[in-house]
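Asker: Sequence lines, in order, name chains A and B.
Its first residue numbered 44, the first sequence is counted upward by one per residue in this note's numbering.
Its first residue numbered 3, the second sequence is counted upward by one per residue in this note's numbering.
In case anyone wonders, no lab produced these hints; they're calculated from the structure.
Quick caveat: nothing in here was measured; it's all calculated off a predicted structure.
Fair warning: there could be bad hints in the mix.
Straight-line alpha carbon distances no greater than 30 Å define the calculated DSS-like cross-link-like pairs of lysine-lysine that follow [what the hints assert, rightly or not]:
id: 1; chain 1: A; residue 1: Lys54; chain 2: B; residue 2: Lys400
id: 2; chain 1: B; residue 1: Lys362; chain 2: A; residue 2: Lys217
id: 3; chain 1: B; residue 1: Lys362; chain 2: B; residue 2: Lys493
id: 4; chain 1: A; residue 1: Lys54; chain 2: B; residue 2: Lys393
id: 5; chain 1: A; residue 1: Lys47; chain 2: B; residue 2: Lys362
id: 6; chain 1: A; residue 1: Lys54; chain 2: B; residue 2: Lys343
id: 7; chain 1: B; residue 1: Lys400; chain 2: A; residue 2: Lys107
Partial chain B-side listing against chain A, Cβ under 7 Å, derived [said to hold, decoys possible]:
id: 8; residue: Asn230
id: 9; residue: Thr232
id: 10; residue: Leu289
id: 11; residue: Gly374
id: 12; residue: Glu408
id: 13; residue: Leu409
id: 14; residue: Ile561
id: 15; residue: Ser565
We put the CB at the ideal spot given by N, CA and C, even for glycine.
Listed below, chain by chain, are the residues.
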Amino acid sequence: MATKINPAFSKELKKYGTVNMNACYNCGTCTAICSLSTNDESFPREMVRNSVLGLEDEIKSSLKPWECYYCGECTTNCPQEANPGELMMSLRRWLTAKYDWTGLSGLLYKSLPLTILAMAIVFVAVLFFADSVSYNLEQMLHFGHYFEIIAIGIMMVVIFLPNLLTMWYFTIVKTNTKVPFKYYFTALKDLFVNMFTQKRSKDCDEKNNFRWLEHLVLVLSYLSLLFTTVFLNWFATNNVFVIIFGYVVSLLIFMVTIHFVSDRVKKNKSLNKFSQPSDWFFVIWLLLMGITAFLVRLFIDIDLLESNKWMYIIHLTVLAQWAIIIVPFGKWTHFLYRSFGMYFAKLKSIKGTK
Amino acid sequence: MKNRIGVYICHCGGNISDYVDVEKVRQAVEHEEGVVLSKTSMFACSDSNQNEMVNDIKEFGLDGVIVASCSPKLHLTTFRNVTERGDLNKYTYVHANIREQGSWAHSDDTDGATEKAIHLVKAAIAKSRYAEPLYTNQFEAEKTIAVIGGGIAGLKAAISLSDKKSTVILIEKNDKIGGHTAEWGDLFMSDEKGNELINRIYSDLAQRENVTILTGAEVASSKGSIGNFTLKIRKRPNNESDPMEIMEVNVGSVVVATGFDHYVPQKGEFDYMINDNIITLPEFKQLVDKSTGNRLVYKGKEINNIAYIYCVGSRQEDGENTYCSRFCCTSVIHTAIVAKKKFKNINNIHLNRGIRTYGKQELLYSESLELGDIYLQFDYNNPPQIATEGKKTVVTVKDILSAGKELTLETDLIVLVTGMVPRADQSIGTMFKLPKGRDKFFNEIHMKLRPVETVIDGITIAGACQGPKNISESVNSALSAATKSYSYISKGTLETEPIVAEINQDLCVWCGKCQEACPFDAIEKQEVNGKPIAIVNTSVCKGCGMCAPICPEDAINLIGYTSEEIMSMIDVLA
Numbered sequence: 044m045a046t047k048i049n050p051a052f053s054k055e056l057k058k059y060g061t062v063n064m065n066a067c068y069n070c071g072t073c074t075a076i077c078s079l080s081t082n083d084e085s086f087p088r089e090m091v092r093n094s095v096l097g098l099e100d101e102i103k104s105s106l107k108p109w110e111c112y113y114c115g116e117c118t119t120n121c122p123q124e125a126n127p128g129e130l131m132m133s134l135r136r137w138l139t140a141k142y143d144w145t146g147l148s149g150l151l152y153k154s155l156p157l158t159i160l161a162m163a164i165v166f167v168a169v170l171f172f173a174d175s176v177s178y179n180l181e182q183m184l185h186f187g188h189y190f191e192i193i194a195i196g197i198m199m200v201v202i203f204l205p206n207l208l209t210m211w212y213f214t215i216v217k218t219n220t221k222v223p224f225k226y227y228f229t230a231l232k233d234l235f236v237n238m239f240t241q242k243r244s245k246d247c248d249e250k251n252n253f254r255w256l257e258h259l260v261l262v263l264s265y266l267s268l269l270f271t272t273v274f275l276n277w278f279a280t281n282n283v284f285v286i287i288f289g290y291v292v293s294l295l296i297f298m299v300t301i302h303f304v305s306d307r308v309k310k311n312k313s314l315n316k317f318s319q320p321s322d323w324f325f326v327i328w329l330l331l332m333g334i335t336a337f338l339v340r341l342f343i344d345i346d347l348l349e350s351n352k353w354m355y356i357i358h359l360t361v362l363a364q365w366a367i368i369i370v371p372f373g374k375w376t377h378f379l380y381r382s383f384g385m386y387f388a389k390l391k392s393i394k395g396t397k
Numbered sequence: 003m004k005n006r007i008g009v010y011i012c013h014c015g016g017n018i019s020d021y022v023d024v025e026k027v028r029q030a031v032e033h034e035e036g037v038v039l040s041k042t043s044m045f046a047c048s049d050s051n052q053n054e055m056v057n058d059i060k061e062f063g064l065d066g067v068i069v070a071s072c073s074p075k076l077h078l079t080t081f082r083n084v085t086e087r088g089d090l091n092k093y094t095y096v097h098a099n100i101r102e103q104g105s106w107a108h109s110d111d112t113d114g115a116t117e118k119a120i121h122l123v124k125a126a127i128a129k130s131r132y133a134e135p136l137y138t139n140q141f142e143a144e145k146t147i148a149v150i151g152g153g154i155a156g157l158k159a160a161i162s163l164s165d166k167k168s169t170v171i172l173i174e175k176n177d178k179i180g181g182h183t184a185e186w187g188d189l190f191m192s193d194e195k196g197n198e199l200i201n202r203i204y205s206d207l208a209q210r211e212n213v214t215i216l217t218g219a220e221v222a223s224s225k226g227s228i229g230n231f232t233l234k235i236r237k238r239p240n241n242e243s244d245p246m247e248i249m250e251v252n253v254g255s256v257v258v259a260t261g262f263d264h265y266v267p268q269k270g271e272f273d274y275m276i277n278d279n280i281i282t283l284p285e286f287k288q289l290v291d292k293s294t295g296n297r298l299v300y301k302g303k304e305i306n307n308i309a310y311i312y313c314v315g316s317r318q319e320d321g322e323n324t325y326c327s328r329f330c331c332t333s334v335i336h337t338a339i340v341a342k343k344k345f346k347n348i349n350n351i352h353l354n355r356g357i358r359t360y361g362k363q364e365l366l367y368s369e370s371l372e373l374g375d376i377y378l379q380f381d382y383n384n385p386p387q388i389a390t391e392g393k394k395t396v397v398t399v400k401d402i403l404s405a406g407k408e409l410t411l412e413t414d415l416i417v418l419v420t421g422m423v424p425r426a427d428q429s430i431g432t433m434f435k436l437p438k439g440r441d442k443f444f445n446e447i448h449m450k451l452r453p454v455e456t457v458i459d460g461i462t463i464a465g466a467c468q469g470p471k472n473i474s475e476s477v478n479s480a481l482s483a484a485t486k487s488y489s490y491i492s493k494g495t496l497e498t499e500p501i502v503a504e505i506n507q508d509l510c511v512w513c514g515k516c517q518e519a520c521p522f523d524a525i526e527k528q529e530v531n532g533k534p535i536a537i538v539n540t541s542v543c544k545g546c547g548m549c550a551p552i553c554p555e556d557a558i559n560l561i562g563y564t565s566e567e568i569m570s571m572i573d574v575l576a
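I would like the entire structure built from these sequences, with the hints used as guidance.
Answerer: Structure follows, in structure tokens:
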């Protein structure tokens, strides 16, 4: 079947952050230099080609954007400065928008004002809530604790489950991959290993080991903080071990994200040269999460929170913006889709496509 | 008979001595009759060895010199000059080629190669014994130069010659000068349009007193040779009812700049002339240049998606035109960029077979990519397929850059990127007997070493009559050809090589066979003492020797290659 090319697609993709993609003259240096690309699964040139030609179906059914961990070697070595690494990043943004049944991801990626508006609405909502409980700290803390559990649960069922099913449909069903049912279980190991360790990114380049470690620390700290606040009720507990653990993980989040932000400001590597609003929001809000959580607990421990309720309101705002906007519709989803991308790739590699 | 002959055998670094035992060759010939000196040399052509040779000639009183080395094409002149510096007549020098005919040809058989080299050197010695001193012929040359063709190459050649204070006659077949350049709109790397450029050059030329421009004029015939050509020119009168104006001009040299024709696709080639939405590159350039407004409209329809099919009529693997037309990639990309900037909503899709925007033209390719032009690459054996679906013209192509995936595109206009072909009107080439290459364009003597000279002395070629060229390349070759043509006649006198055919008037009975054999038209029938015989025009004769062996009466001798010399060589070789 002949595929129709669509010259207008590159304009659409530009809104997701591509930089000079059309300059590509197909030399293949990017693919040759990529340490993750293999003969069977070769990228990024192929994805650049599909993007230039506007072969949307090919891109939608591909897992390759998720197989890239953006070490930036391709962008550094591209003789045309076509930024293949940023193209892969943009494709990940575009794909999350395509997986998302609500369509909000796409809107937020493409429009900064809309993102700011959404953040502002959440802020106002938090203020309304605080006002409705007459700024009662205990009630706010109580609500904040349950908000997290509820938000996570709702997002899982309403957003992520259908979106992951869409992703599965695009990449497995539509490509006619016949995977015996039991493999869905045997491959689960890959899903969790990749989700928690991102071990594949270690293959990117030796120099990136520190970045991988930072990333690992960040993921584990983030999940630990989530666990500590939600299940161990950090802000209410008297268990010294839990309190200290919370301090440590929030501090780690804070430190690693500070480093990430400063790198993005310095633009010292290919991978952080081009920051989209979604990148900034993700890393800054993660930073704010760490710092505000840390301060809230600190204020509790030195008995300041009662007289400084605004501290908790700020934390709650950050938390709500994070949980309602950034997690379901922003860059956080990459964490999920990438893990599932590796999982689906494993399924495909077991059977191979028809 | 020479009896003080010096023989030099060259190692050529190792090119010869790796396969030929040069010392053995020297020993084999050192006691040959007449040889008084024999040496080997690492590089016979080196300055130090040349000086040694000059000293040897004087010290040993040599009367003949032989160097056994590379092809005479490379160093015959070098060593002739060495003997001249030793106060010998340079035509007594004899060259033996033991590299191309020895070591290189028989690198698998060193003994055989050595044996052959010995024979070749001995043959050279045999020739050397009979070699006579020869002297060049001198004659006066006409200082006017004719330029045939008034395109960009011809115009620039005329300006260059005029600058050199040479009298120039510019002959253009059409009523207007400018050739194809005047057709173009915007040019790459220039703010001028094609016709503006031509007008500027023309107004410069028109002011020059030593330049005569003849438009509507054709060269009907040519007589004579380098230094003294007589061209008969037919000029169409301004008033149609008037008779043709015939004139004769005498020129010393001719610059041929007759240009090219656009390739015109056959009916049905990529649906040309079948589908209304298919035009050629020159037609598209005209369309883009002439269209106004902010939308590109063709046949009343707005054009958005344009597909360009490259290499139409060029690089044919099974057709006549196997060559690359060089200019078309650049030309079409340039025009596509102009169209995209000039009109709204233009999508350019280039269906190419590899892009050849060499040199600074690469900038255009980069610009076009960055503007979002799409490039699909197809194989000659899988050309794009054109189909009409309702009002749409749909092109299907297997894109090499997408691993041979079959892609379709809807187009509003298809541009066939046609290349250059030799002029259909070959009268000038036929008249001057200019040789043509495999591509049917006029051929130079050597692509790199003598790029504008032809084997016909006095005739140079400039511009796209020699092969596809863009404007700047045409201008470069025109300036080169003008300088070369001028250098032939700048002294006012010309020398010709003494090595020419010589007719024995007593033996000749005029059978005409030599005239048929002569590739240079150097032999004419003339009446001498009431008897028709063959006469050689020594300024045209190249000394090729084609006439000598076919003469039934053995009345032709090639000076410098007399029967005596050749027979003695054959005796040694046999």
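Asker: Quick one, is the Glu408/B hint okay against chain A at 7 Å, beta carbons?
Answerer: holds, 4 Å
Asker: Would you settle whether the hint for Thr232/B is holds or violated, based on the nearest Cβ-Cβ distance to chain A being less than 7 Å?
Answerer: Interface hint status for Thr232/B: violated (55 Å vs cutoff 7 Å).
Asker: Can you confirm whether the C-alpha distance between Lys47/A and Lys362/B stays at or below 30 Å?
Answerer: Violated - the C-alpha atoms of Lys362/B and Lys47/A are around 33 Å apart, more than 30 Å.
Asker: Against the 30 Å threshold, does the CA-CA distance of Lys54/A and Lys393/B hold or violate the hint?
Answerer: holds, 26 Å
Asker: Tell me if the straight-line CA distance from Lys400/B to Lys107/A falls inside 30 Å.
Answerer: holds, 23 Å
Asker: Holds or violated: are the alpha carbons of Lys54/A and Lys343/B at most 30 Å from each other?
Answerer: holds, 17 Å
Asker: Against chain A, is Ile561/B within 7 Å by beta-carbon distance?
Answerer: At 60 Å from the nearest chain A Cβ, Ile561/B fails the 7 Å test, so the hint is violated.
Asker: With a cut-off of 7 Å on the beta carbons, see whether Gly374/B makes it to chain A.
Answerer: At about 5 Å, which falls below the 7 Å cut-off, the nearest Cβ of chain A leaves the hint on Gly374/B intact, so it holds.
Asker: Going straight from one Cα to the other, do Lys362/B and Lys217/A come out at no more than 30 Å?
Answerer: violated, 46 Å
Asker: Within a Cα-Cα threshold of 30 Å, do Lys54/A and Lys400/B meet the stated pairing?
Answerer: Cα-Cα ~24 Å, so holds.
Asker: Mind checking the CB of Leu409/B against every CB in chain A and telling me if the closest is under 7 Å?
Answerer: OK, holds: Leu409/B within 7 Å of chain A, min 5 Å.
Asker: Does Lys493/B sit within 30 Å of Lys362/B, going by the straight-line distance between their CA atoms?
Answerer: Between Lys362/B and Lys493/B the Cα gap is close to 39 Å, so the pair fails against 30 Å, i.e. violated.
Violated hints, in rising order: 2, 3, 5, 8, 9, 10, 14 and 15; the structure is consistent with all others.
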